[in-house]
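Undergrad: Work out the full structure, taking the sequences as your base and the hints as a guide.
Top to bottom, those sequences are chains H and V.
Just so you know, we're using the working numbering here: the first sequence kicks off at 1 and counts up by one.
Just so you know, we're using the working numbering here: the second sequence kicks off at 1 and counts up by one.
Straight-line Cα separation of at most 16 Å, EDC-like style, residue types lysine to aspartate or glutamate; simulated pairs: (1) H:K94 <-> H:E105; (2) H:K34 <-> V:E146; (3) H:K94 <-> H:D58; (4) V:K230 <-> V:E242; (5) H:K26 <-> V:D191; (6) V:K12 <-> V:E146; (7) H:K34 <-> V:E197; (8) V:K70 <-> V:E105; (9) V:K72 <-> V:E113; (10) H:K26 <-> V:E185; (11) V:K34 <-> V:E237; (12) V:K170 <-> V:E243; (13) V:K79 <-> V:E54; (14) H:K26 <-> V:D190; (15) H:K26 <-> V:E146; (16) H:K34 <-> V:D190; (17) V:K80 <-> V:D223; (18) V:K70 <-> V:E113; (19) V:K80 <-> V:E218; (20) V:K163 <-> V:E126; (21) V:K230 <-> V:D207; (22) H:K34 <-> V:D191; (23) V:K230 <-> V:E206.
Far from chain V, by Cβ distances over 12 Å, these chain H residues were calculated: (24) T45; (25) P46; (26) R47; (27) S54; (28) I57; (29) R62; (30) D67; (31) P89; (32) E97; (33) I99; (34) A102; (35) I112; (36) S115; (37) K116; (38) D119.
Hints in this document: simulated from the structure, not taken from any laboratory.
We put the beta carbon where it would ideally sit given N, CA and C, even for glycine.
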Amino acid sequence: MSLFSDLYNTISKFFHSQDVQEDASKSVATNRLKLVLMQDRTNLTPRILEQMRSELIDLLSRYVELDKELLDLNFEQEGDQVALMLSIPVIRAKDEEEIDAAVKEHEEMLKIALSKKEDEENKQDEETKEEENQEGEVPPDSETSDITENTESAETTEEKTEEEKAEAEKTDAIAKELCDIPKIIKKKEKKEISAPEEITNANNNPFKSDPSDVESII
Amino acid sequence: MTGRVIVITSGKGGVGKTTTSANIGTALAKSGFKVVLIDTDLGLRNLDLLLGLENRIVYTIVDVIEERCKLKQALVKDKKNPNLQLLAAAQTRDKTAVNAEQLKEICDILKEENDFVLVDCPAGIEQGFQNAVAGASEAIVVTTPEMSAIRDADRIIGLLATKEEITSVKLLLNRVRPNLIKSNEMMSVDDVVGILEIPLVGIIPEDTGIITSTNKGEPIVNDENALAGKAYRNVAERILGEEVPFLDLDEPKGFMAKIKNAIAKLKVKV
Chain H
1 MSLFSDLYNT ISKFFHSQDV QEDASKSVAT NRLKLVLMQD RTNLTPRILE QMRSELIDLL
61 SRYVELDKEL LDLNFEQEGD QVALMLSIPV IRAKDEEEID AAVKEHEEML KIALSKKEDE
121 ENKQDEETKE EENQEGEVPP DSETSDITEN TESAETTEEK TEEEKAEAEK TDAIAKELCD
181 IPKIIKKKEK KEISAPEEIT NANNNPFKSD PSDVESII
Chain V
1 MTGRVIVITS GKGGVGKTTT SANIGTALAK SGFKVVLIDT DLGLRNLDLL LGLENRIVYT
61 IVDVIEERCK LKQALVKDKK NPNLQLLAAA QTRDKTAVNA EQLKEICDIL KEENDFVLVD
121 CPAGIEQGFQ NAVAGASEAI VVTTPEMSAI RDADRIIGLL ATKEEITSVK LLLNRVRPNL
181 IKSNEMMSVD DVVGILEIPL VGIIPEDTGI ITSTNKGEPI VNDENALAGK AYRNVAERIL
241 GEEVPFLDLD EPKGFMAKIK NAIAKLKVKV
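TA: In structure tokens:
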């Protein structure tokens, strides 16, 4: 009987050899197409999807212990509706204490992130303030040249911190913001204390301005 | 009388929009309906060739819009069937010679005196596409079972969904090769419909007869024996609201195919 089925298999392989080979080609096309259409339809790039995935892992692992490798984030379409399908293999649910601890830890991290950002900005503020004070001693004629100096020094401090983060793109945007800082301070020459507040307010939301920071900190 | 304005579009070029327009138009006219075909592919007109009317064109759609002639003067009657008329595109102008409102106006006038106005859309998603869809209330999206054509079709379907006037979007799958589908070298009809998720209006098999029919300037629906002709006639009937089963393209032909089929059946039994 086994001889019989062997013979049959050999024959059918002979006839179907092409089928086996080409099976890949069609399904490869279908899968590639599905992926590319998902991106076309949603305007989400693979990079953004990956970022979303890692942030979701961070969030969810505060509450449950999950298998990060098997977490599956995908789009499915039914009719006009596009649904984001998230499949998370849960290894075990955390108990209340663990969750509290994890949430606290997360909050601590946020605080650290916040204060780091504030420190950085305070440093810059102090530097600009110092220069502002110097400016007061200089005769008013050379004011314009001083402003450009201020701008340059502000840029260089910012560039140093940015180098650490290796985010060259954002340097320009922040540097532009900083260009405005000396002007703001100049307007409020006699209310110097309030000037830094205004600046920190404008910049102290690290999550809105730079989500990748949060990711790296977490 | 208010006829139906159907745009035949695809996104990608070369998938068979013009062939489809010519054949559906001819089939509908043969069934006794008054049909006008509009070629909106300004600068790259071909519908006249497929119908064998290239030598009869005096005025084009641009002449109508720029008021060098009346709309009726620009309509060219088909050689065989007076029910079928063509409004040709201008070959010497580009897509900017016409705008969407002007095309809509022409469609609105033509649908008053005809049962069907079929608009052959140019490839792409720019001005030409916007013009072609402006007057339509239905759309047929032509695609082939290839990745690039399907991706472009998906884009077109997305764009058509934003047009409020278009109430029906259907899929015509062209150049299907059953033997390639069988050997899993080509996406199947189900695969494509599953991805694009719009109702199917036709499956047209690859047919070498299309080449000879184009050579002769005679749509393949006129050939009673051609499989593609039969498939196009079925499309026309479905447009008319009849429920026609899709052609069984899987039927094996030839001696070797029959043997293969028999062995496959044997395998099921074993």
